[in-house]
Amino acid sequence: MRFHSRSAELLLQLARQGGKFLHRIPIPTAGSASNKAMAPCGHSSIPGPTNWPLLGSLLEIIRKGGLQKQHKTLVEFHKKFGKIFKMKLGPFESVHIGAPCLLEALYRKESNYPQRLEIKPWKAYRDYRGEAYGLLILEGKDWQRVRSIFQKKLMKPTEVVKLDGKINGVLEDFISRMDKLRDKTGKINDLYQELNKWSFETICLVLYDKRFGLLEQNVVEESLNFIQAIKIIMNTFGKMMVTPVGLHKSFNTKTWKDHTEAWDNIFKTAKCHIDGRLNRHSACPANDFLSEIYNGSELSRKELYAVITELQIGGVETTANSLLWAIFNLSRNPKAQDKLHEEIRHVLSKDQAPTADDIKKMPYLKACLKESMRITPSVPFTSRTLDEETVLGDYLLPKGTILMINSHALGWNEDYFDEGMQFKPERWLQDKHTINPFAHVPFGVGKRMCIGRRLAELQLQLALCWLVARYKIVTTDEDPVETLHSGTLVPNREIPVAFQIR
10 MRFHSRSAEL LLQLARQGGK FLHRIPIPTA GSASNKAMAP CGHSSIPGPT NWPLLGSLLE
70 IIRKGGLQKQ HKTLVEFHKK FGKIFKMKLG PFESVHIGAP CLLEALYRKE SNYPQRLEIK
130 PWKAYRDYRG EAYGLLILEG KDWQRVRSIF QKKLMKPTEV VKLDGKINGV LEDFISRMDK
190 LRDKTGKIND LYQELNKWSF ETICLVLYDK RFGLLEQNVV EESLNFIQAI KIIMNTFGKM
250 MVTPVGLHKS FNTKTWKDHT EAWDNIFKTA KCHIDGRLNR HSACPANDFL SEIYNGSELS
310 RKELYAVITE LQIGGVETTA NSLLWAIFNL SRNPKAQDKL HEEIRHVLSK DQAPTADDIK
370 KMPYLKACLK ESMRITPSVP FTSRTLDEET VLGDYLLPKG TILMINSHAL GWNEDYFDEG
430 MQFKPERWLQ DKHTINPFAH VPFGVGKRMC IGRRLAELQL QLALCWLVAR YKIVTTDEDP
490 VETLHSGTLV PNREIPVAFQ IR
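Sequential numbering from 10 applies to the sequence shown in the numbering used here.
No wet-lab data here; the hints were simulated from the structure.
Glycine included, each C-beta is placed from N, C-alpha and C at the ideal position.
Mixed in with the good hints there might be a few duds.
[Claimed, not checked] Using 30 Å as the maximum straight-line C-alpha spacing, the simulated DSBU-like pairs for lysine-lysine come out as follows:
#, residue 1, residue 2
1, K132, K240
2, K132, K408
3, K379, K481
4, K175, K370
5, K375, K171
6, K311, K175
7, K219, K175
8, K481, K150
9, K132, K89
[Said to hold, decoys possible] Label pairs and their computed distance ranges (CB to CB):
#, residue 1, residue 2, range
10, S157, D360, 37 to 43 Å
11, G429, D192, 32 to 38 Å
12, C110, D486, 38 to 44 Å
13, H355, D192, 54 to 60 Å
14, K359, K89, 50 to 56 Å
15, N60, V170, 46 to 52 Å
16, Y116, E168, 41 to 47 Å
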């Protein structure tokens, strides 16, 4: 059955509307798969929500709140169908796993070149503009070649800890800016945007060895446009994953136009600063990140553009998002915050900037961040594509099966975390030997885990240390704050917090 443009737009309209007009539609549900058979069952035996013609399970997703609440719906589906289920959204079919044993089995069977979910909208843009693929969309030997070049700088702890001085330099300016932005009650207008500015400034200093002035009073418009472009990409690519990207491109839909324009802005900015940095290096050689990567490898200039743009996207959006949720979770759990502040004061003297070595002496700080990422992960699910026929649990999955690893559902599952809805950093210190490491995978797992993990962790650890040392973070109301999926998990309203100087 072929999709037409009208069908594609219908899917998008339904997704935007949520469940407003679908609450009366009866949707039959599938039953659970039998566990009695000794031999693995086929793909068709995997349970899951009803697969309607053309729409797949999209109707049920919409009835439960739409694509923005799909992460919560997936938690419900795991409770209903078990550790593994299959689902189809429009043309996009996937198998969802939400158990540590399945994730560990997948990890043990990982090939030399594990495949991610094909991000077709990103590939379509690169092909359209003649740009290279970055690490998120490269596969096979090309992926391994490029990743091996970057992970020497980004995945080695001894390399990453050297960046604490740069990270602290940005944080000092960020705290100074927060002091100025606070109103009389300690609130900061549009805190999330300010955190995006901080994360943008930090990742750009690491990548380009250059400050962009986002934390100054008069902000450069180009940098703000970059941040906005990232948000547009995150908002639009998901829509083109559940409706054929080829149709969007052929009919030049608004979604495709917005997506393309956002990528154009990002590549334009990245190319300008990459070329500028490399030209300065040619005139005056220095040991900076970009120059070491480019001059010490066989990367083409286009490959460098592609990877750096993706590192910037991840370095801005997900890091700022993780810090936002850590701030919120500590505001709602003052006892945990007091305990964290006590640990910081024990390690640091007043007004002392923390170093990477200081962070090693702060286990509770690390536990607070892990607990925040468990309850409110920045990315609620990651993906794999099977490159060979694989037995997973009770099922034989064919080559090419798309697996969705539901880290959000794992973190909320009380089979793996006692009192899973409670913010308890102590669990990572007292029960660390009983928690299955595959139950908490905020950065993914295996060879394709987030290449910026160590840098992001150091940024978050230092930032939270600065914030809690300087401010008491208090909640300004106790009303619920819901999570919405928009590429990352974002709050449905401004988080109600204030920063009171200690």
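Results for each hint:
no., hint, verdict
1, K132 x K240, "18 Å, holds"
2, K132 x K408, "21 Å, holds"
3, K379 x K481, "20 Å, holds"
4, K175 x K370, "20 Å, holds"
5, K375 x K171, "19 Å, holds"
6, K311 x K175, "27 Å, holds"
7, K219 x K175, "10 Å, holds"
8, K481 x K150, "49 Å, violated"
9, K132 x K89, "35 Å, violated"
10, S157 x D360: 37 to 43 Å, "41 Å, holds"
11, G429 x D192: 32 to 38 Å, "36 Å, holds"
12, C110 x D486: 38 to 44 Å, "41 Å, holds"
13, H355 x D192: 54 to 60 Å, "32 Å, violated"
14, K359 x K89: 50 to 56 Å, "53 Å, holds"
15, N60 x V170: 46 to 52 Å, "49 Å, holds"
16, Y116 x E168: 41 to 47 Å, "25 Å, violated"
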